[in-house]
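J.: Residue numbers (the numbering used here), protein chains in the order written: chain A, 7 to 328; chain B, 14 to 332.
I should point out that these hints are in silico values taken from the structure, not numbers from a laboratory. Predicted model only: the values in this text are computed from it and were never measured. Just so it is clear, CB atoms sit at the ideal spot from N, CA and C, and this is done for glycine as well. Accuracy of the hints is not assured; some may be wrong.
The following residues of chain A were derived to be distant from chain B, with all beta-carbon distances above 10 Å [what the hints assert, rightly or not]:
| hint | residue |
| --- | --- |
| 1 | D229 |
| 2 | L249 |
| 3 | R296 |
| 4 | T305 |
In the SDA-like style, the derived pairs of lysine to any residue whose C-alpha atoms are separated by at most 20 Å in a straight line are [unchecked claim]:
| hint | chain 1 | residue 1 | chain 2 | residue 2 |
| --- | --- | --- | --- | --- |
| 5 | A | K92 | A | S66 |
| 6 | A | K92 | B | E225 |
| 7 | A | K92 | B | G159 |
| 8 | A | K25 | B | E225 |
| 9 | A | K92 | B | R235 |
| 10 | A | K92 | B | R240 |
| 11 | A | K92 | A | H113 |
| 12 | A | K25 | B | G159 |
| 13 | A | K289 | A | T305 |
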Amino acid sequence: MSSLLTVQDLCVRFVSRRKTVSQPLRGVNLNLGRGEILGIVGETGCGKTLTGLAILGALSANARVSGQICYEGQELTSLDEQTRAKLRGTSLALIPQNPAAALDPVHTIGTQLQLLARRHLDRRHSAAVDLIDSELAAVGLTDPERVRRSYPHELSGGMLQRVVIAAALLARPRLVVADEPTTALDVTIERQILNLIRDRQHQLGVSVVLVTHDIGVVESTCDKVAVLYAGRTVEQGLVADVLSHPSHPYTRGLLAALPRKKHGDGPLTAIPGSVPVDTMRLKGCAFADRCGSVRPDCTEGEPPNTSVGPGHTVECRYPEQA
Amino acid sequence: MIPLPPGTAETAGQTEAGDERAPDTFELPRPHAAFLPTRTRRVIATLRGDVLVIGGGLIVLAVIVTAIFAPWLAPYPGQGRGAVDVAHRGLAPSSAHWFGTDQLGRDILSRVIFGARPALVISVVVVVAAVVIGVALGSLAGYLGGWIDEILMRLTDVFLAFPPLLLTMIVAALLGPSLQHAVIALVISWWPWYARLVRTAAQSIRQRPYVEAARVSGAPTRRILRRHILRNSLNPVIVQATVDFGTVILAAGALAFLGLGAQPPTADWGLMVADGRTTVTTQWWIATFPGLAIFAIVLGANLLGDGLQNLLNPRAVRR
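The task is simple: from the sequences and hints, build the whole structure.
T.: Take a look at the structure:
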């Protein structure tokens, strides 16, 4: 399978008055093929959203990016802002975290979708309306015309989420970054929205980067998974491989913390401690002080990237062989 | 319509069937007067029962109508334009001259009616010019930030450091007394307020997720400024402009009163108040009626401005 997006050793740091004030991404590696869904999983502050924004090239002005983001053989980090802006929305799109905030409250849904349609597809008014209506219907909104005429505050959270999915797919992008698309919704709607994303992804053949903190979502929705911890990819591979043979202690911890029927009523296992705050002064493995199977040399030097199976890599000095 | 594959149809079906949760589409407001566009319905719904706004609007409307139809409304249109009638000077209000006559025998009512013209022209020109300059510079400063913001805001600081009326008087006096110069002076001291207002709004709006979403979807800066920043920061500007509409008339009246604005024989309210000030104890009507006209338009503009604040907020449709 040819790969659509390859991210190599992506680092992002924020500068203020020419001094680095924080470095939230310290080495993210991703690999995504055409028509695949890649789940990026990790806890709050591990750099999931930032990775998505870095791929889209939508970081704030004081961010400094190093490493490679290779999209269809094109190195995105070396492109100028104008070319990247052209790429966004046409080839790359974002499904934002909070749809209620991501839509402008003073314009109707129709107006906002038309801006997108006309900008990227060069369609005339009536053609754009037809396209918008069919796209809204395709995301399961039963009365597209009324949705078009509504302002964002007149729609429910689930409907707005469908609207922003329609907006992201309107220009038929090749790659969509879905930034925790279900955090604002309750569980029944979450299931529907995830099914919707997967269905549309199948129909249109787009690739999706699904950012989530729920490894259960990854299991049910994604083809591949990348586990992020403190701004690094600690483990990645096919969902089936990673979840059945988790090799990094952090991944094992995440899976152990997941409630499952077969475990009975026993207490859930938690990972002790919390995410390191100052990642800039870290030596060695960032997970060392929380790791259950830590060894003395884990704090000396960065852990090597080792392959534990086909397409399955792990950043750990002593990967566990399950 | 794109044919729905089984998966999607199923999802849509679930939504349609609905369990405890009402189906999504039912949460839309049911149109109760479908023949009117949404915006018109919204305006009517908000206006209904708000006596103060309607009153303010009527006053402003009355002044506009008066200004347009002055020659037909005034009993002595010639005197409204400045013709004198020395034989009838200083007459108290009567059935022939409802508001009395001034020291040159001109009918006060006619001159108050004609006075609506310069008042409206000045206030509209000043407010529009100040809004255009202020909004353009303010949104640039607020959205772009950095050194552009720094330069523009230090510039407004210079203007805002002076009391507005004093600054207006200084500029008007330097340029020489005339109506045009008074307008220029008023614009110079008014635009920085709009620049500040819009800059503050733009600064908070540029960080909203929908602006980020627009940037992520590839929108050029120009369009983000116009479609999102400007549209979302416009409401306070419109409210401020409506109130300023009255305030500018007041300031223009003050300038005319001091001899720095409109020049005789123009029928200008400020000028008329100045004419009548020496005889206000004996011939009270000369200064009182133009003064009341200024009072009425300022009051009307303020009431309308307050009402618009509610009207322009799409969330405050029903109270």
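J.: Please go over all the hints and tell whether each is borne out by the structure.
T.: Checked hints:
{"no.": "1", "hint": "D229", "verdict": "holds (16 Å)"}
{"no.": "2", "hint": "L249", "verdict": "holds (23 Å)"}
{"no.": "3", "hint": "R296", "verdict": "holds (32 Å)"}
{"no.": "4", "hint": "T305", "verdict": "holds (38 Å)"}
{"no.": "5", "hint": "A:K92 to A:S66", "verdict": "holds (18 Å)"}
{"no.": "6", "hint": "A:K92 to B:E225", "verdict": "holds (15 Å)"}
{"no.": "7", "hint": "A:K92 to B:G159", "verdict": "violated (25 Å)"}
{"no.": "8", "hint": "A:K25 to B:E225", "verdict": "violated (25 Å)"}
{"no.": "9", "hint": "A:K92 to B:R235", "verdict": "holds (14 Å)"}
{"no.": "10", "hint": "A:K92 to B:R240", "verdict": "holds (18 Å)"}
{"no.": "11", "hint": "A:K92 to A:H113", "verdict": "violated (23 Å)"}
{"no.": "12", "hint": "A:K25 to B:G159", "verdict": "holds (18 Å)"}
{"no.": "13", "hint": "A:K289 to A:T305", "verdict": "holds (6 Å)"}
In this structure, the earlier hints numbered 7, 8 and 11 are contradicted, and the remaining ones agree with it.
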